[in-house]
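Produce the complete structure using the sequences and hints provided.
If you're matching positions, the sequence shown starts at 646 in the working numbering and goes up one per residue.
A few of these clues could be false.
Computed cross-link-like contacts, DSS-like style, restricted to lysine-lysine with a CA-CA straight-line distance of at most 27 Å [claimed, not checked]:
1. Lys711 - Lys752
2. Lys777 - Lys658
3. Lys844 - Lys736
4. Lys844 - Lys785
5. Lys736 - Lys882
6. Lys876 - Lys865
7. Lys658 - Lys752
8. Lys865 - Lys711
9. Lys741 - Lys673
10. Lys673 - Lys785
11. Lys673 - Lys752
12. Lys773 - Lys677
13. Lys882 - Lys677
14. Lys736 - Lys865
15. Lys777 - Lys711
16. Lys876 - Lys741
17. Lys773 - Lys711
18. Lys658 - Lys673
19. Lys711 - Lys844
20. Lys752 - Lys882
21. Lys882 - Lys871
Here are the computed distance ranges between Cβ atoms for each label pair [said to hold, decoys possible]:
22. Ala732 - Glu851: 20 to 26 Å
23. Gln834 - Glu676: 22 to 28 Å
24. Ser669 - Ser857: 41 to 47 Å
25. Ala732 - Leu776: 40 to 46 Å
26. Ala695 - Ser845: 17 to 23 Å
What the hints contain is simulated information worked out from the structure, not anything from laboratory work. Even for Gly, the Cβ is constructed at its ideal location relative to N, Cα and C.
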Amino acid sequence: MSDVADHFFGSRKELEDMTEIFGSYLIKLREKEDELAERAGLLNWLLINADTVSRFYEAIGVNPEKLLMAEPRLPDTTHKLEQMPFAFTAKGEFVKIVLWAYNALQKACYEHINGYPEDSDCGDVYYKMLLKMASLINEKICNINTGMSPCCVLDFARRFNPCSQGKEHITGGTLDGYAFSIDSKLAYQPIAFESLQLKSYPELPEQNTVISEITLFCEKNYPDNKDEIRKRIADLKRRIRIASRR
646 MSDVADHFFG SRKELEDMTE IFGSYLIKLR EKEDELAERA GLLNWLLINA DTVSRFYEAI
706 GVNPEKLLMA EPRLPDTTHK LEQMPFAFTA KGEFVKIVLW AYNALQKACY EHINGYPEDS
766 DCGDVYYKML LKMASLINEK ICNINTGMSP CCVLDFARRF NPCSQGKEHI TGGTLDGYAF
826 SIDSKLAYQP IAFESLQLKS YPELPEQNTV ISEITLFCEK NYPDNKDEIR KRIADLKRRI
886 RIASRR
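In structure tokens, the structure reads:
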């Protein structure tokens, strides 16, 4: 009986530990979502308006719906951005900066979904990992609720207690109703992953596979918005310059 009790309580403790770890990872992934939204927001900001953003992603074969949700803005964490690229002409500078911003976004999307490369020393919390963890936790919940429920344990204990069986035979009473009530109260609820409302960004094509499409798109759209583009690039440079002095 002691082995059964150890297994009963041990399984629940293990599940609670797994759920606690899952919760801490969930917080970290939401923090990464904020950084990813900043990357997407910067690219959207550089492209001036929602129509241009939509056409940009369509030009590289990506559904723009989820990326359009990112608010177009200069990121608060500008100090984290890499050094901006240099070009001799304003149009060339715009092309390179968009490529630079896109490359940063593509890498952030990949890491958000799949994690960092194996040789990276960065912490590795990512979307697919949490999806797998939720599946494992739900499997364990199912096993505990069905195979290690209080009702099952009480039934197992009853088999080794002749006195209890004798009393039930005489009185006609059983523990079934009581055990069912305990089962209902102590049953674990599975994780409804969709209810967590995690943002699922698309996996973007690597920059080197769409560099021609991005370059052509930027060159075609630059003349229509060149004054606003120059202003925004100047604002971005100023923000990075100020951040680098801190």
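Verification of the hints:
1. Lys711 - Lys752: Holds, at about 16 Å.
2. Lys777 - Lys658: 20 Å, holds
3. Lys844 - Lys736: 34 Å, violated
4. Lys844 - Lys785: Holds, at roughly 26 Å.
5. Lys736 - Lys882: Within the cut-off at roughly 16 Å; holds.
6. Lys876 - Lys865: With a Cα-Cα distance of about 18 Å, the restraint between Lys876 and Lys865 holds, given a limit of 27 Å.
7. Lys658 - Lys752: 38 Å, violated
8. Lys865 - Lys711: 24 Å, holds
9. Lys741 - Lys673: 32 Å, violated
10. Lys673 - Lys785: 23 Å, holds
11. Lys673 - Lys752: Measuring from Cα to Cα gives roughly 18 Å; hence the hint holds.
12. Lys773 - Lys677: 14 Å, holds
13. Lys882 - Lys677: 24 Å, holds
14. Lys736 - Lys865: Holds, because 10 Å separates the two Cα atoms, which is no more than 27 Å.
15. Lys777 - Lys711: Holds. Lys777 to Lys711 sits at ~23 Å (cutoff 27 Å).
16. Lys876 - Lys741: Distance of about 16 Å is within 27 Å: holds.
17. Lys773 - Lys711: Status holds; Cα separation ~18 Å.
18. Lys658 - Lys673: 23 Å, holds
19. Lys711 - Lys844: Holds - the C-alpha atoms of Lys844 and Lys711 are around 8 Å apart, at most 27 Å.
20. Lys752 - Lys882: Holds, at roughly 22 Å.
21. Lys882 - Lys871: 16 Å, holds
22. Ala732 - Glu851: 20 to 26 Å: 22 Å, holds
23. Gln834 - Glu676: 22 to 28 Å: 26 Å, holds
24. Ser669 - Ser857: 41 to 47 Å: 43 Å, holds
25. Ala732 - Leu776: 40 to 46 Å: 41 Å, holds
26. Ala695 - Ser845: 17 to 23 Å: Between Ala695 and Ser845, where Cβ atoms are some 20 Å apart, the hint holds.
Against the hints set out earlier in the document, violations occur for numbers 3, 7 and 9.
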